[in-house]
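Visitor: Here are the chains, one letter per residue:
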Amino acid sequence: MSTRAFISQDLTLPSPGKQYLIFIGLFFLTILFFFLDLFLGSVSLNAADIWHALFSGGNGQLEIILFKFRLPKALTALLVGIGLSLSGLQMQTIFRNPLAGPDVLGITSGASLGVAFVILGFSVSISPETLQGFGNWILVISSWAGAGAIMIVILIIASRIKDIMTILILGIMLSSGISALVILMQYFSSESLLKSYVIWTMGSLGNLTSDQLMVLMISVSVGIILSLVSSKMLNALLLGENYAVSIGLNVKFARVVVFSCTSILAGSVTAFCGPIGFIGIAVPHMARILFRTSDHKILIPGTILIGGSVMLLSDIIAQLPGSEKVLPLNAVTSLIGIPIVIWVIMRNRKYSGIY
Amino acid sequence: MLTAEKIVAIDRLRTGYSSGSNEIIILDELHATAFKGELIAVIGKNGAGKSTLLRTIIGLQTALDGKIFHEGKDILEYSRLELARKVGLISTETVRATNMNVYDLVALGRYPYTNWTGRIDMDNHIRILEAIQDAGMTAFSSRFISELSDGERQRAMIARILAQDTGLMVMDEPTAFLDIGSKFEIFHLLHNLAKSTGKTIIFSTHDLQMAISQADKIWLLKDKGLVEGAPEDLMIQGEFDHIFDSSPARYNSDQGTFTFISEEHGSIYVEGEGILRHWTEKTLNRIGFAVSREKTDRYIIVPSGNYKNWQLINSQVIHEFTSLYDLAAGVLAISQSSI
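Top to bottom, those sequences are chains R and A. Residue 518, in this note's numbering, is where the first sequence stops; the numbers in between run on with no holes. Residue 766, in this note's numbering, is where the second sequence stops; the numbers in between run on with no holes.
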């Protein structure tokens, strides 16, 4: 221990007191949105209904609505929000690009390609709704593979080109190219296969079987654990690759961990719920604004809570409580996400080449 | 020096890039050593291989041939993490992470010492505060690095490398892009750090004059090789004479300064003393006149006593000037009209 005197400095460790308060607030907000998502919908439930459904053990309409529809959907929303936001946060750090996100750089398209191979590639009629047990894992793994392949392509591009905007444009090109491939596959596939694929692309939280929900839950949990484990590495990567190496980071190892994590998160969400836009890019910025830090030990849990609650809120809005109509989820998430993305672009105009 | 600890030894080093069977050799047959507490300036033209050499020393690039020893052990025998405790880097890249304050940046210097969660305990915290203080950044501790000036950001980077607690610090042009004031501050800081903390600092620079006055040793890169020595030794050996082969500057070995080679107009005698004489001579040199030791029929009298004007005597005619600027114009006009 050193015995040096410091000029006007107390030696207490920096305390994250204020950040704890924000965490508590976000935690309760997430719980609130979770229950609102259970209550609100074409049929509004109240607390008494839920209580009744939980403890009466009956098998009426109420129980069916709650356990067969609302609860799985709310859980899915929570998992999807967490998965997309976390993968966005990690991509923004590893590419040192504030506009990186699973949908922007073509990662979701890559996952779609993987899904298209499974749905359109098999001659038997299977769709995400009819898949059972092991088939779910095939769907998810091919989605991971598609997402991972695109991550690697983007990384190769990013190592040669430093300009953020150029990389984004190339990402859009890549997405279009992949969409073209998928269209070709659609062209050669049968009508029933085509239909199940098109329904999948519309994006939905409500079509998951309990098997699929289980697979999604396991995948997102693995993703959360991997993110928490890699928070120290992500902090080092904020400095850029050379500095990260110079302070002792094994960059290859870090990339493998972060890329696997991102592909697992974005891939599994996309496999079951279709491509959902703008959550992955916008939520990490909300966390940065709220916590005013670059430390991933705080940003990761922050992003998890904000991602979950934003997705639950999007789902509540999409249900148009009290009406029979349902809005497309993608439209809602875009309307929430796009203003934040525009704000980030405006703020970064000064130095578009650097993060 | 004989008893000092050897921090880096470079033996028959060949640096460059290899792609397949093609080798692009940038530097070859290098021999150099760095001892504890030395401030070493790496000097050479653009493209001479300064960055490549520094990158190879820190292990960001592998040597094509030869060996580098850090504290007596071959660099290839170090793990990345072990090496990060021996040598730190400041490169020409700027760190522009959003929402990162100076404390967080410096805390990343503790990366090789913290556990897998990166937790900052009291011991690490104290070292971070020390590093921030040594770099003179205590008042900026909670400022975001995106809000710092270039000079302040470079100090923050120096605090980070200090927190890394390495015996050797490698810096690639640490004063590039800085204004003159910050440049002096950074050089002063580096010089003091080397002396007070016993750190060895190897830095590349284009600022020869600063390097010569501050560095303990110069590694001069030229013709794919390296010449090592105290700045004064290299000066006596005339090593600096040829680094500006084709450029319009010339090194004056006796004064340790650089002058531009300009058109020569002849010589002129200056009468007078003190600081005014000194700057009058400088002005004449700048516009291409040598100062003659013998009285010429055209000469200048520097202001002295009550007399505030410069006088230019040309064939018995006296011209008066109120500033060196006017004097320079007058001298040039007269020398051209007399041709």
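In case anyone wonders, no lab produced these hints; they're calculated from the structure. Keep in mind that a hint or two might mislead.
[Claimed, not checked] BS3-like mimics (lysine-lysine), calculated; alpha carbons at most 30 Å apart, straight line: (1) 494(A) / 463(A); (2) 610(A) / 649(A); (3) 500(A) / 415(R); (4) 494(A) / 610(A); (5) 415(R) / 649(A); (6) 488(R) / 231(R).
Visitor: Now tell me if each hint is right for this structure.
Guide: How the hints compare with the structure:
no.	hint	in the structure
1	494(A) / 463(A)	holds, 19 Å
2	610(A) / 649(A)	holds, 25 Å
3	500(A) / 415(R)	holds, 24 Å
4	494(A) / 610(A)	violated, 33 Å
5	415(R) / 649(A)	violated, 35 Å
6	488(R) / 231(R)	holds, 19 Å
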